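Taken in order, these protein sequences are the chains called L and U. If you're matching positions, the first sequence starts at 1 in my numbering and goes up one per residue. If you're matching positions, the second sequence starts at 1 in my numbering and goes up one per residue.
Hints were generated in silico from the structure; no laboratory data involved. Please note: incorrect hints may appear among the correct ones.
Derived PhoX-like pairs (lysine-lysine); straight-line CA-CA distance at most 25 Å [as the list claims (entries may be wrong)]:
id, chain 1, residue 1, chain 2, residue 2
1, L, Lys176, L, Lys40
2, L, Lys136, U, Lys6
3, L, Lys176, U, Lys6
What you are looking at is a predicted structure, and each value in this text was computed from that prediction instead of being measured.
Single-letter residue listing:
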Amino acid sequence: MSDNETTLIQKAQKGNHEAFAMLVDEHQRYVYNLALRVVKDENEALDLTQETFVRAWTALPNFKGQSQFRTWLYRIVTNLCYNRLPNLRRSLNDLGDDVMEDIPETNFNAPASEFENNETRQHLHRAIDALDANYKLLITLRYQNELSYDEIASTLNLPLGTVKTGIFRAKEQLRKSLVHLEDSWITA
Amino acid sequence: MDNRLKQDALIEEALNSQSLAPMPRSITADVMARIQKDTRPALITWNDFALSLVIALCIGALFFTLQNLPPVMLVKIRIQGILLYQSFLVNMRWLIPILFFGLGAFLAALTIPMLYQMMVGRRR
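Produce the complete structure using the sequences and hints provided.
Structure, rendered in structure tokens:
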């Protein structure tokens, strides 16, 4: 959390509306994106985003800064998503934690040329969109909201192993879809 | 193996290259309008205050009543209290069997949905 954000939070905790408006401006896109990925409906995602910030304002005096502000917001929006999708919580808990080994981290240094095929990328993006809500929640928190596995576990109140298992299985589903695409190229 | 690594790289690249969804409109104004209407709850709400007042009045009334009871009445109450406690001790031997019976009945009730599902499944 930057010093500027800490100052804004402290001001908002004392009831400063302008400071809170700046915090809303800064974080709304990430909160909206997370809600949209899970509920798949623009209007509903906007409602959830708005409700998240209203609740954040009400609960802000209780925010002690033990976690990051954005992680705290993600926790609120996730709880709201649980209310909208009652099966989401259960499906996350049911993931289990059979993948306990460390998942290899992203190869950020991979040259762009390795991903020369735009079609493959688009196909994978469609496959990501088609993932189940529980996988999409985990994937979005990890790759778009850039949380660590520990932060995701703490945000969703899940064991670390369950988070790793969920992300691993989501990637396995993407791999299957990639294999299908490659097969279709071979048969074409 | 090489193919798997390549697939991993493609998947990672796709996951990292997914852009954030653009917001149809900013919600800042809506949020600010709502929080200006919904004031933060104070440390003690009116409900808390009313409930505390009622409880305090009850305690006060009890204390006042006890202070003003004639001594004979106090002794009678004390005797009734002792009798009640004795009666509880006499019936205490039934407490544990009754608790076990209640627990058994509760567990049996929990099996009803499963039995119902089995029954429905068998009919199908």
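Given the hinted pair L:Lys176 and L:Lys40, is their Cα-Cα distance within 25 Å?
Roughly 23 Å between the alpha carbons, so the hint for L:Lys176 and L:Lys40 holds.
Against the 25 Å threshold, does the CA-CA distance of L:Lys176 and U:Lys6 hold or violate the hint?
holds (14 Å)
For the pair supplied as a hint, L:Lys136 and U:Lys6, is the alpha-carbon distance within the 25 Å limit?
The given pair, whose Cα atoms are some 22 Å apart, holds under the 25 Å limit.
Consistency with the previously given hints is maintained throughout, with no hint failing.
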